[in-house]
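**Student:** Here is how the chains run, residue by residue.
Protein chains: 2
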Amino acid sequence: MDQKVATAVFESLASTVRLDVYRLLVRHAPDGLVAGEIASTLDVPPNNLSFHLKALVQAGLLAVEQQGRFLRYRANLLLMQGVITYLTAECCAGKQGRCAVPAASRRQSGASIRTRRASRLPS
Amino acid sequence: MDQKVATAVFESLASTVRLDVYRLLVRHAPDGLVAGEIASTLDVPPNNLSFHLKALVQAGLLAVEQQGRFLRYRANLLLMQGVITYLTAECCAGKQGRCAVPAASRRQSGASIRTRRASRLPS
DNA sequence: GATTTATTTCAATACTTCTTGTAATGTCAG
DNA sequence: CTGACATTACAAGAAGTATTGAAATAAATC
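Read top to bottom, the protein sequences are chains D and B. Under my numbering, the first residue of the first sequence is numbered 1, with each subsequent residue one higher. Under my numbering, the first residue of the second sequence is numbered 1, with each subsequent residue one higher.
These are calculated hints, taken from the structure and not from any lab test. No residue lacks a Cβ here, since even glycine has one placed at the ideal position from N, Cα and C. Hints are not guaranteed to be accurate.
[Claimed, not checked] Selected chain B positions facing chain D (in silico; Cβ < 7 Å):
(1) D2
(2) I84
(3) A93
[Unchecked claim] Per the computed footprint, the stretches of chain D lying under chain B, defined by three or more beta-carbons under 8 Å from a beta-carbon of chain B, are:
(4) 22-35
(5) 48-57
(6) 76-86
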């Protein structure tokens, strides 16, 4: 997981349409839905939905597979896991017991962060 | 957690500057950093950083506290937890054993989803 | 082959966001 | 009070994004 992938994921989910699409497909994991089902469920014009689906696929959040003349979309749950890990990496700099995030949501990373000089700080 | 909050969070993290700021503050949780430290660490012009910090605070991802003439920013880790829960709510519609997301990352929600008619699907 | 259905592509417009520069606010030190 | 520092606020131009409508592709049905 690098910054570019993470940014692409967040850009994708920053749109209400795309967020709704992703959540719908998470609920319908692992089978997914075809484009027309998504369009009618969320009441989004097909051409507009196509635009957003393309963005989600490019970000890696959705996988697409052709089934006859239908296109079936599935949520990529593992990518979201990776993003969460990326976000909480080195949380609280590994200080024991200082972190508010439950351990189950974190993955530890071996790297230590560089401590920087706090130039003339109050108190 | 509602859609508006979730969208605001993703919009916030869709910028590389803001993503870097948030991750930096996650690493420095729970003490946080003052604006100047963030600016020098990430090499972002102070006025531009201020713009992004404001956005992050408004989204609820950061908390800010005045310390003399400094402003100290802290990551709001609980909000991120809420977003993750929101994203994975009703994951796989609760079907046992069909979900690729490890149980530790999920929170169950009691609501059931409406099953819809799959109009003339292949295979 | 012609028609219908599912979905995408393209182009144009409106809208929003990012960045930069400059001015303003507020706090601390002398 | 005055000057220096930390940070924010505002304004303007550039860049990116969303939405819409019309046309194109492509598979299934007749």
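**Student:** Would the hint on B/I84 be counted as holding, given a Cβ-Cβ threshold of 7 Å to chain D?
**Tutor:** Result: holds, 6 Å to nearest chain D Cβ.
**Student:** Checking hints one by one. Is B/D2 an interface residue toward chain D, by the C-beta closer than 7 Å rule?
**Tutor:** Cβ of B/D2 sits 11 Å from chain D, so the hint is violated.
**Student:** With a Cβ-Cβ cutoff of 8 Å, does the segment 48-57 of chain D contain at least three residues near chain B?
**Tutor:** Since 0 is below three, the answer is violated.
**Student:** Given a cut of 7 Å on the nearest C-beta pair, is the interface hint for B/A93 held or broken against chain D?
**Tutor:** Holds - the Cβ of B/A93 comes within 7 Å of chain D, reaching about 6 Å at its closest.
**Student:** Mind taking a look at whether chain B covers the segment 22-35 of chain D? Criterion is 3 or more residues with CB to CB distance under 8 Å.
**Tutor:** holds (count 8)
**Student:** Can you confirm whether chain B covers the segment 76-86 of chain D, using C-beta to C-beta distances below 8 Å and requiring at least three such residues?
**Tutor:** Check passed, 6 qualifying residues.
The structure fails to meet hints 1 and 5 from the earlier list, while all remaining hints are met.
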